[in-house]
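Trainee: Residue numbers (this note's numbering), protein chains in the order written: chain B, 116 to 398; chain Y, 116 to 398.
One or more hints might be untrue.
[As the list claims (entries may be wrong)] Straight-line C-alpha distance at most 35 Å; calculated DSBU-like pairs for lysine-lysine:
#1 340/B / 297/Y
#2 297/B / 142/B
#3 297/Y / 258/Y
#4 340/B / 258/Y
#5 340/B / 326/Y
#6 258/B / 326/B
#7 340/B / 376/Y
#8 297/Y / 376/B
[Claimed, not checked] Pulled from the structure, derived: some chain B residues nowhere near chain Y, Cβ distances all over 12 Å:
#9 120
#10 141
#11 160
#12 174
#13 177
#14 187
#15 189
Everything labelled a hint here was simulated from the structure, so no lab data went into it. Only a predicted model underlies this, so the values are computations on that prediction, with no experimental measurement involved. Don't be surprised by glycine CBs; every beta carbon is placed ideally from N, CA and C.
Protein chains: 2
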Amino acid sequence: MTDISVAFQGEHGAYSELAAIEYFHRKVNTIPCHSFDDVFAQVSGGFSSFGIVPIENSLAGSIHRNYDLLLRHNLQILGEYHLRVSHCLLGLPGVRLEEIQFVHSHPQALAQCEASLNRLGLQPVVDIDTAGSARWLRDNPDKHSAALASHHAARVYGLQILLENMEDDQANYTRFIILGQKSSRRIEKKTAAYKTSIVFSLTNQPGILFKALSVFALRDIDLTKIESRPMPGHVWEYMFYIDFAGHASDPICQRAVDHLKELATSLRILGSYPRHQIDYQAV
Amino acid sequence: MTDISVAFQGEHGAYSELAAIEYFHRKVNTIPCHSFDDVFAQVSGGFSSFGIVPIENSLAGSIHRNYDLLLRHNLQILGEYHLRVSHCLLGLPGVRLEEIQFVHSHPQALAQCEASLNRLGLQPVVDIDTAGSARWLRDNPDKHSAALASHHAARVYGLQILLENMEDDQANYTRFIILGQKSSRRIEKKTAAYKTSIVFSLTNQPGILFKALSVFALRDIDLTKIESRPMPGHVWEYMFYIDFAGHASDPICQRAVDHLKELATSLRILGSYPRHQIDYQAV
Chain B
116 MTDISVAFQG EHGAYSELAA IEYFHRKVNT IPCHSFDDVF AQVSGGFSSF
166 GIVPIENSLA GSIHRNYDLL LRHNLQILGE YHLRVSHCLL GLPGVRLEEI
216 QFVHSHPQAL AQCEASLNRL GLQPVVDIDT AGSARWLRDN PDKHSAALAS
266 HHAARVYGLQ ILLENMEDDQ ANYTRFIILG QKSSRRIEKK TAAYKTSIVF
316 SLTNQPGILF KALSVFALRD IDLTKIESRP MPGHVWEYMF YIDFAGHASD
366 PICQRAVDHL KELATSLRIL GSYPRHQIDY QAV
Chain Y
116 MTDISVAFQG EHGAYSELAA IEYFHRKVNT IPCHSFDDVF AQVSGGFSSF
166 GIVPIENSLA GSIHRNYDLL LRHNLQILGE YHLRVSHCLL GLPGVRLEEI
216 QFVHSHPQAL AQCEASLNRL GLQPVVDIDT AGSARWLRDN PDKHSAALAS
266 HHAARVYGLQ ILLENMEDDQ ANYTRFIILG QKSSRRIEKK TAAYKTSIVF
316 SLTNQPGILF KALSVFALRD IDLTKIESRP MPGHVWEYMF YIDFAGHASD
366 PICQRAVDHL KELATSLRIL GSYPRHQIDY QAV
C-alpha cells in the first residue's frame, strides 16, 4: 500500500470514493470525511495528500457548497474526473429480485430511478446516503430490502448486484475535482489538453461581464464552464467561476488573465490540470 | 375578502406567504402548497390566480428547482419582490428569554443564526421548516423551547417575539417571482423601470456565450442576472437564464432578442415585469 491518502465525503462505498479509486488507479488510501468542509480541512491541514469533491452533476447542476469552499481555502485544483453515475439494485447474497419490496437510498438516487422503481413495483425508503444504505442492509439483513448504490458499494459491503443501470436518464455524470496544497507534487497524466479554473469578481456596471468574456473570445480561448455565486456581504453582487481550455502558463492564457485583472476587482487562479475527456455513450 | 388567490410553498406563516402578503398588500387568499412543483401545478391548472416562489437568496444563491420548473411550465413571470429575511426568536406568550434552552427551525435558518445562538448558549434542534417549527411550539407548549421564524409566523401562531434580527449576516434578502397564466391580467404598479427574464440554449462552440451577451452589450442593455443550468438529456450543455433591464416590447429590447434568436437554438421570454427596487440597509 502507498502512503498517499485521498479525503472524500461520505463513507466507504460512496461514489466519491469510487471516483478517487478510478482516478488514482487504486494506488491510494481513501479517507472518509463527514462533510465537504472536512475534506477541505483535511487537505488544508496536511492530514491527507489529496481531496476529491464533486463540483457538478450533468442532471442536478453545480454543487455550490464546494464552489464556496474553494474560495475559503487556499488549495489548488490538480485534476478533474468525470464519473458515470450508475445506480445498482443491491440485495443480500442469495436473494432473488422477486423477493424485494423495499429500496433504501439517498433521496436524489431514489428520484433518479423513480420510473425503474415504479415499473418493478418497489417502495422507496429514504436513507442518508447511497453507501450508507448498502452498509445498513449488510448490518440489518432483510431479504425483502435492497439498496440503491454503486457496484463499488456492493463490493465493499459484500452485497449482490440484482440489477444495473437503474437510473431513468443515462446521461448522468458527475465531475469531480482533485484538491491539493499549492506545494503538492503535480499528478502527471499523458494528455495534450489542459484546463484552468479561475474565480473573479466584477463591479456591478453595464456590459462588464461581456467585457470580461471578451478577454477570452478575442484570443479564441474556449470557455468550458461559467458559474456565478453571490458575493459574501454584498447583496446581489457575484463572484464568477470560469473554466477555460489551456494552461495558465501558456503565454496566450497568461495575457488573457492579465487582461481580465484590469477589469476584475479580485482574481485567483484555482489551478491548471489535465482535461479529462471521455466519450459520452448516452446523449 | 377577495377571490384572488396566491399559491406558495410551505405552511401558513412561511416567508413565501409573508412575501405574498407584502407584494399584494394583503388583498389575496394565500394557498399553502406542499412543494414548489405543486405551486406551479396549482397556477397552471387554474386553481390559483397567482403563484409566488423564491428564485434567489443573496447568501445561498439560486433556487435551481424553480428555474427548472419555469422551463417545464408555460407560465409567465408577472412580478418580483425582494424580501428582507429576518429571523426572530419566538417563544410561548409569557416566557422569558432566560428560560429558553432549545431552538427549533429549518437547518438553513439555524445555520444563518449560528453565532447568535452560540452567544446565547441555545441548542439548535432541526425541524422541517421555519413556520412548521412555530406551529409545533404552539401545539406542544414548552417554556424551554423557542422557534426561529418570521414575525409573520409569530402573528399566525400567537407566539411572542423574544428577539429580532437573529441572523449573523444582515445582508439576507430573498428574491421572489410572481407567476401567472399567459392570459393573466397584468398587475400594474407605478414604476418606470421594467425587467425581462428570458431562457435560451446555445450550441457548444467557442465564444458563443460572448456573442450572445454582445446582443445586449452593443445596445447598452444592462444584465441584472445570468444563470446556467444543465440541459436535460444533454451532458454538459447548458440553458442560460438572463434578466435584463427593459420591457420585451421596447423596440431596442425587441431587436436584441431577435438578434439573440439568430444565435440561440431555442429562446423563450418568461415575462416582463416592474422592477422591485429597494434600498439595502446592510451592505
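Trainee: Hints numbered earlier in the text: which of these fail when held up against the supplied structure?
Mentor: Of the numbered hints, 3, 4, 6, 8, 12, 13 do not hold.
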